[in-house]
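Undergrad: Going down the list, the sequences are from chains A and B.
Residue numbers for the first sequence follow my numbering, beginning at 124 and rising by one.
Residue numbers for the second sequence follow my numbering, beginning at 124 and rising by one.
Hints were generated in silico from the structure; no laboratory data involved.
Keep in mind that a hint or two might mislead.
Same chains, same names: a pair is fine if it fits in one copy or spans any two.
[As the list claims (entries may be wrong)] Restricting the straight-line Cα-Cα distance to at most 30 angstroms, the calculated cross-link-like pairs of lysine-lysine (DSS-like) are:
(1) Lys224 - Lys307
(2) Lys253 - Lys224
(3) Lys133 - Lys224
(4) Lys174 - Lys307
(5) Lys133 - Lys174
(6) Lys131 - Lys253
(7) Lys307 - Lys133
(8) Lys224 - Lys131
(9) Lys174 - Lys131
What follows is the residue order along each chain.
Protein chains: 2
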Amino acid sequence: MAKVPDSKEKTLAAAAKLFRCQGFHGTALQDILAAGGAPRGSLYFHFPGGKEEIGEAALAMAGEATRQGIARAAEASESAEIFLTRLARRMASDLAESGFKEGCPIATTALETSAQSEVLGAATRSAFQKWEHEIARALQRFGIAADVAEGLATIVLSQFEGALLLARTYRDPKPLQRAEQALKVLLTAYSSK
Amino acid sequence: MAKVPDSKEKTLAAAAKLFRCQGFHGTALQDILAAGGAPRGSLYFHFPGGKEEIGEAALAMAGEATRQGIARAAEASESAEIFLTRLARRMASDLAESGFKEGCPIATTALETSAQSEVLGAATRSAFQKWEHEIARALQRFGIAADVAEGLATIVLSQFEGALLLARTYRDPKPLQRAEQALKVLLTAYSSK
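Okay, chain A solo, but in the shape it has when bound (with noise of 0.2 angstroms):
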């Protein structure tokens, strides 16, 4: 398999920060040029499609490193409280350590751009979807019957999407941290469903 161009490689990842901090419509091609560092033609070579086809890309590469993400934490953790508290913590260090920049990498995007581009809202779809059936499997692996782990998958990235919002708007981790305490509680009373 070809490997991928470092100059398109580079410009992903530069607008993929770029969405998470400021969003999709707050980001101009020209900030996404700058930041990559790639010449103005590759970008049009890469991306015929402009914009939109750059968020496509960004939001689907953002969207797997997060999903892979998920999947480590399960991976090393011995039960569904340390794999959540470990995801939750994972974010609360992210988010202070990018001055609270940094929160949710498809929140954003979603939000600006579910109700006018089909090709933005699938690819934000998309990635939540896929975050929330990695949580549905971690769980099911911790011993959660499979109905009852894809319900609470979506309670778990509810909680730690609402709580991430709160914590950046605040500049303050304490509603990441209220969400650990909460999950514990769902966690134990939807064990013994």
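Based on these hints, arrange chain B on the given structure of chain A.
TA: For chain B alone, kept in the frame of chain A given last:
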């Protein structure tokens, strides 16, 4: 007290709706003028600070409307469970009736601007904090201890915000229905604390 001029109110209502559907950066001044029906001159007269000043006022207006909605839902409810169920179902029906366009009026702008604009960051922070406070006040009125109510209010708001994000992105109310179930479980657990 002087009556707020009609064109100012209309401009703010139009701006708040546009920010809710497509975000702050995705909305041009021209869109606000077209949707609000105000002449360009009146916009510069009422908001000399431009789009950021409109954003700040529109967020304050939308935040206050939601805070009042939370307070009314609490007054109309006989228990904390009925209160939270009422909020979840209101969000689900508002979202579905708008064709999955009208989610949280604050979240999109919060994520887009929290790292960029002190003014808009403060406006979104203030809206979320007032909602949390209103939820905590209601939970206390339904018999939950003050310190428990404060933590639970953050968890409730996180769950709603995350579920609203997923429901909007999936164009499916299921995450809000699952949030409703989760909040019943959390309420039972936290009420006995």
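Undergrad: For every hint, state whether the structure bears it out.
TA: Hints, one by one, checked against the model:
With identical chains, the CA atoms of Lys224 and Lys307 are at most 30 angstroms apart within one copy only, with a shortest distance of 27 angstroms there and 33 angstroms across copies. Taking the closest pair of Cα atoms, Lys253 and Lys224 come within 30 angstroms of each other both inside a single copy (24 angstroms) and across two copies (23 angstroms). Taking the shortest Cα distances, Lys133 and Lys224 sit within 30 angstroms of each other inside one copy (20 angstroms), while across copies they are farther apart (33 angstroms). For a Cα distance limit of 30 angstroms, the shortest separation of Lys174 from Lys307 qualifies neither inside one copy, at 41 angstroms, nor across copies, at 43 angstroms.
In the homo-oligomer, the alpha carbons of Lys133 and Lys174 lie at most 30 angstroms apart inside one protomer (15 angstroms), although the nearest pairing across protomers, at 33 angstroms, exceeds that limit. For a Cα distance limit of 30 angstroms, the shortest separation of Lys131 from Lys253 inside one copy, 24 angstroms, qualifies, whereas the shortest one across copies, 44 angstroms, does not. Taking the shortest alpha-carbon separations for Lys307 and Lys133, neither the intra-copy value of 39 angstroms nor the inter-copy value of 46 angstroms comes in at or below 30 angstroms. In the homo-oligomer, the alpha carbons of Lys224 and Lys131 lie at most 30 angstroms apart inside one protomer (24 angstroms), although the nearest pairing across protomers, at 33 angstroms, exceeds that limit.
For a Cα distance limit of 30 angstroms, the shortest separation of Lys174 from Lys131 inside one copy, 13 angstroms, qualifies, whereas the shortest one across copies, 35 angstroms, does not.
Consistency note: the structure conflicts with the earlier hints numbered 4 and 7.
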